[in-house]
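Kindly produce the complete structure, drawing on both the sequences and the hints.
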Amino acid sequence: MKAVIPVAGAGTKLRPYTYTQPKPLIPVAGKPILAHIVENILQTPVRDFVFVVGYMAEKIKDFIDSEYKGRFDYTFVYQEPRLGTAHALSLCKPHFGGEELLIAFGDAIIDADINDVAAAAHTTVAVHVVDDPHRFGVVSLGPDGTVESLVEKSMIPKSNLAMVGLYKIKETDVFIEALDAVMERRVEGEYHLTDVLDEMRRRGVKIVSAPVKNWFDCGDKERLLQANRTLLTRAPAGPFPVFPYVIIIPPVYLGEGCVIDHAIIGPYVAIADHAHISRCIVQDSILGSYSRLETVILSGSIVGNDAVMIGKQRSVNVADNMSIDFGA
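Positions 80 to 407 (this note's numbering) are the ones given, in order, by the sequence shown.
Keep in mind that a hint or two might mislead.
Cut-off 30 Å, straight-line C-alpha distance, at most; resulting in silico cross-link-like pairs (DSSO-like, lysine-lysine) [claimed, not checked]:
hint, residue 1, residue 2
1, K300, K391
2, K249, K148
3, K148, K232
4, K172, K285
5, K110, K237
6, K172, K232
7, K138, K148
8, K110, K140
9, K138, K92
10, K140, K285
11, K237, K148
12, K232, K285
13, K110, K92
14, K292, K92
15, K237, K249
Derived Cβ-Cβ restraints for the label pairs, each shown as a range [said to hold, decoys possible]:
hint, residue 1, residue 2, range
16, G317, M234, 47 to 55 Å
17, D211, N396, 21 to 29 Å
18, E146, D299, 34 to 42 Å
19, R214, G177, 31 to 39 Å
20, R282, G317, 50 to 58 Å
21, I376, G221, 32 to 40 Å
22, G149, K391, 20 to 28 Å
23, T312, M401, 35 to 43 Å
24, P323, I389, 28 to 36 Å
25, E178, T312, 30 to 38 Å
26, R313, F155, 30 to 38 Å
27, P173, G224, 31 to 39 Å
FYI, nobody ran anything at the bench for these hints, they're computed from the structure.
Don't be surprised by glycine CBs; every beta carbon is placed ideally from N, CA and C.
Below, the structure is given as structure tokens:
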């Protein structure tokens, strides 16, 4: 089996963070989104990967080389222009040797028994119930649980079962034929994997669904912070270094080489390596490596690598019955 991970997107909904960093490398609970995905797949026997790169491709390549070289075989395929997931996968066809495929989108962290998906007897689509299905590709199921239709971002969805970006392809030969058929169509915009799977279904392939426990679609700031909160809760707390006049309220992740003094950190804070924090209160936030914070209060925030935030320190005399509003 071969794993294919498309990571070519520009992550426009996460700007300004993605102006200097590809979305798959944004840290969540102490490690990049892409690391969560790769390490989840490494729980299976799969040791052959194809990464579809595009936006800031060199940063993705450098990360894989530095973290995983020698641990598994991998190939990079460059996608330009970026015309959707089906287009990305069509570029990988020279690397498909007839083996089964495990496809994982590079912007979502999925909580599932991935070995069950990889070992499924049929082509499989991982799904999760959502409140707003019109935003996603959705599947509808027949009485026996077999997928009856797959539709990308319909205005009137047939179900609330969203596809979460994890797929097992059993019939690779039919998958390639369906890819070719979809890519031959002239469309405005992008070519979607959803349409390829629906074409496979029309050609007689049995497709089943696999519900997942949790799905962290890290497409915008709020969902990124929600993923950070949830994953930090599952991580072991500490032990933390002893910092002067610092209170740490778990769950918190601290990277290597951090310097912190006179601060309250947590809950739900992930701080990357070599951050410097002084006279701050930080909660529910993600701080990048080498970031520097002085005299600020942060909540629900993402601070990029090498960013600097310096607030004001005031000395006041407040008499009886007076009111001061520093926010006015």
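Here is how each hint holds up against the structure:
Proposed proximity of K300 and K391 is supported: the alpha carbons are some 26 Å apart, at most 30 Å. Taking the CA atoms of K249 and K148, the gap is near 28 Å; set against the 30 Å cutoff, the hint holds. Among the hinted pairs, K148 with K232 is inconsistent with the structure: their alpha-carbon atoms are about 37 Å apart, more than 30 Å. The straight-line distance between the Cα atoms of K172 and K285 is roughly 22 Å, inside the 30 Å bound, and the hint therefore holds.
The hinted pair formed by K110 and K237 fails the criterion: a straight-line CA distance of about 36 Å is larger than 30 Å. Distance hint between K172 and K232 is fulfilled; the C-alpha atoms sit about 26 Å from each other, no more than 30 Å. At most 30 Å may separate the alpha-carbon atoms for a hinted pair to count; K138 and K148 meet this at roughly 15 Å. For a cut-off of 30 Å, the pair hint linking K110 to K140 stands: about 16 Å separates their Cα positions.
Restraint check for K138 and K92: the C-alpha separation of about 19 Å stays at or below 30 Å, so the hint holds. About 36 Å separates the Cα atoms of K140 and K285, which puts this hinted pair outside 30 Å; it is violated. Taking the CA atoms of K237 and K148, the gap is near 44 Å; set against the 30 Å cutoff, the hint is violated. The hinted pair formed by K232 and K285 meets the criterion: a straight-line CA distance of about 22 Å does not exceed 30 Å.
Distance check on the hinted pair: K110 and K92 sit about 20 Å apart at the alpha-carbon level, within 30 Å; holds. Between K292 and K92, the direct Cα distance comes to roughly 25 Å. Compliance with the 30 Å bound is thereby established for this hinted pair. With a C-alpha separation of about 25 Å, the suggested pair K237 and K249 falls inside the 30 Å cut-off, and the hint holds. For the pair G317 and M234, the supplied restraint of 47 to 55 Å holds, since their beta-carbon distance comes to about 49 Å.
The supplied range of 21 to 29 Å is broken by D211 and N396, whose beta-carbon atoms lie about 52 Å from each other. At about 26 Å, the beta-carbon gap between E146 and D299 misses the expected band of 34 to 42 Å. At about 35 Å, the CB distance of R214 to G177 agrees with the hint of 31 to 39 Å. Range check, R282 to G317: about 54 Å between beta-carbon atoms, so the 50 to 58 Å window is met.
The hinted range of 32 to 40 Å is not satisfied by I376 and G221, whose Cβ atoms lie roughly 53 Å apart. The hinted window of 20 to 28 Å between G149 and K391 is violated, with their beta carbons roughly 49 Å apart. The given range of 35 to 43 Å is respected by T312 and M401, whose C-beta atoms sit roughly 42 Å from each other. At about 20 Å, the CB distance of P323 to I389 disagrees with the hint of 28 to 36 Å.
Checking the proposed 30 to 38 Å range against E178 and T312 shows it holds: the Cβ atoms sit about 37 Å from each other. The hint said 30 to 38 Å for the Cβ distance between R313 and F155, and at roughly 31 Å that hint holds. The beta-carbon spacing between P173 and G224, approximately 35 Å, falls within the hinted interval of 31 to 39 Å.
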